[in-house]
Amino acid sequence: EAGVTQSPTHLIKTRGQQATLRCSPISGHTSVYWYQQALGLGLQFLLWYDEGEERNRGNFPPRFSGRQFPNYSSELNVNALELEDSALYLCASIQGRGPAEAFFGQGTRLTVV
Amino acid sequence: TQLLEQSPQFLSIQEGENLTVYCNSSSVFSSLQWYRQEPGEGPVLLVTVVTGGEVKKLKRLTFQFGDARKDSSLHITAAQPGDTGLYLCAGPYSSASKIIFGSGTRLSIRP
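Residue numbers (my numbering), protein chains in the order written: chain D, 447 to 559; chain G, 63 to 173.
Hints are computed from structural coordinates only; laboratory data are not their basis.
Any given hint could turn out to be false.
[What the hints assert, rightly or not] Examples of chain D residues toward chain G, derived with CB under 10 Å:
hint : residue
1    : Ala448
2    : Val450
3    : Pro454
4    : Tyr479
5    : Gly488
6    : Gly504
7    : Pro507
8    : Phe510
9    : Phe515
10   : Leu534
11   : Pro545
12   : Gln552
[As the list claims (entries may be wrong)] Just a few of them, taken from the derived set where beta-carbon distance is under 7 Å, the chain G residues facing chain D:
hint : residue
13   : Ser89
14   : Glu100
15   : Gly104
16   : Pro105
17   : Leu107
18   : Thr110
19   : Thr113
20   : Pro154
21   : Tyr155
22   : Lys160
23   : Ile161
24   : Ser165
25   : Gly166
Note that the coordinates shown come from a computational prediction; the quantities given were computed from them, not determined experimentally.
The beta carbon of each residue, even a glycine, is placed where N, CA and C say it ideally should be.
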């Protein structure tokens, strides 16, 4: 069974540009969570999608947005990039039933210069 | 304010020693998960605890869920350098059903 895949693995952008990050969940999982992890810190909740809808979002500005497609894959968009957006962005896939066990991708390392 | 508080934040011990890290909350959780994350990679699920008072063992790792389901602990016996990493606890936050993570305990095992 394929795990969670994220692309790209690394992304370098300049300040003010837009970044698009992608995530494919485990087959059969309907929920996708996005987290931001700044270097050396913990995971900050960004967005939660389930069954194609945004269910909740964390304390981030509106320039962080995303969507979930009918095949449950997801996209995270960050507009007007700022230097402090540099971080590891992690996508987690959850089955949607039973204990909330998250399976993570390897992440996208976004560097804003 | 973190809903899940982990302690200690950092721990550096000698190989062969025992250690315990904690995950505490003032809220009740239906389940708690423990993850380990190595640098540059995503967290990997270690265990899920569901029942108050539950104890689960994974080789040298022992996980316990508090009776009131507000806290959990992870005990490692005879730590090895391969245990090095960031240990995170997480759980579904009941009011919004989103999954929240503690800030983690960064563990370093010296050979």
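To see whether the hints hold, each was checked on the structure:
Evaluation of the D:Ala448 hint against chain G yields a violated restraint, the C-beta minimum of about 14 Å exceeding 10 Å. The beta carbon of D:Val450 comes within 8 Å of a beta carbon in chain G, closer than 10 Å, and the hint placing it at the interface holds. This hint is violated: D:Pro454 has a C-beta 14 Å from the nearest C-beta of chain G, more than the 10 Å allowed. Given hint, D:Tyr479 at the interface with chain G, holds; its Cβ is 6 Å from that chain's nearest Cβ, closer than 10 Å.
The interface hint given for D:Gly488 holds, since its Cβ lies 4 Å from the closest Cβ of chain G, which is under the 10 Å cut-off. Among the interface hints, the one on D:Gly504 holds; its C-beta lies about 8 Å from the nearest C-beta in chain G, closer than the 10 Å criterion. Hint status for D:Pro507 relative to chain G: violated, with the closest Cβ pair at about 18 Å, above 10 Å. The beta carbon of D:Phe510 is not positioned within 10 Å of any beta carbon in chain G (closest approach about 15 Å), and the interface hint is therefore violated.
With a cut of 10 Å, the hint placing D:Phe515 at the interface with chain G is violated, because the nearest CB-to-CB distance is about 20 Å. Checking D:Leu534 against chain G: minimum C-beta separation of about 7 Å stays under 10 Å; hint holds. For D:Pro545, the shortest C-beta to C-beta distance to chain G is roughly 4 Å, which falls under 10 Å, so the interface hint holds. Residue-level restraint check for D:Gln552 holds (minimum Cβ-Cβ distance to chain G is 5 Å; threshold 10 Å).
With its C-beta approaching chain D no nearer than about 14 Å, G:Ser89 sits outside the 7 Å limit, and its interface hint is violated. Taking 7 Å as the C-beta contact cut-off toward chain D, the hint placing G:Glu100 at the interface is violated, the least distance being around 11 Å. Here the hint on G:Gly104 is kept, as its CB sits about 3 Å from the closest CB of chain D, short of 7 Å. The interface hint given for G:Pro105 is met, as the beta carbon of that residue sits about 5 Å from the closest beta carbon of chain D, less than 7 Å.
A hinted interface residue such as G:Leu107 counts as satisfied when its beta carbon comes closer than 7 Å to some beta carbon of chain D; here the least separation is about 6 Å, so the hint holds. For G:Thr110, the shortest C-beta to C-beta distance to chain D is roughly 5 Å, which falls under 7 Å, so the interface hint holds. Restraint check, G:Thr113 versus chain D: the minimum CB separation of about 11 Å is more than 7 Å; hint violated. This hint holds: G:Pro154 has a C-beta 4 Å from the nearest C-beta of chain D, less than the 7 Å allowed.
Below 7 Å, beta-carbon pairs count as interface contacts, and G:Tyr155 has none with chain D, the closest being about 9 Å; its hint is therefore violated. With a cut of 7 Å, the hint placing G:Lys160 at the interface with chain D holds, because the nearest CB-to-CB distance is about 5 Å. Hint status for G:Ile161: holds, given a least beta-carbon distance of 5 Å to chain D, under 7 Å. The criterion of a C-beta within 7 Å of any C-beta in chain D is met by G:Ser165, whose closest approach is roughly 4 Å, and the hint holds.
Contact between G:Gly166 and chain D, as hinted, is supported at the beta carbon level, the nearest pair being about 5 Å apart and thus within 7 Å.
In the structure shown, a violation is registered for the earlier hints numbered 1, 3, 7, 8, 9, 13, 14, 19 and 21, in ascending order.
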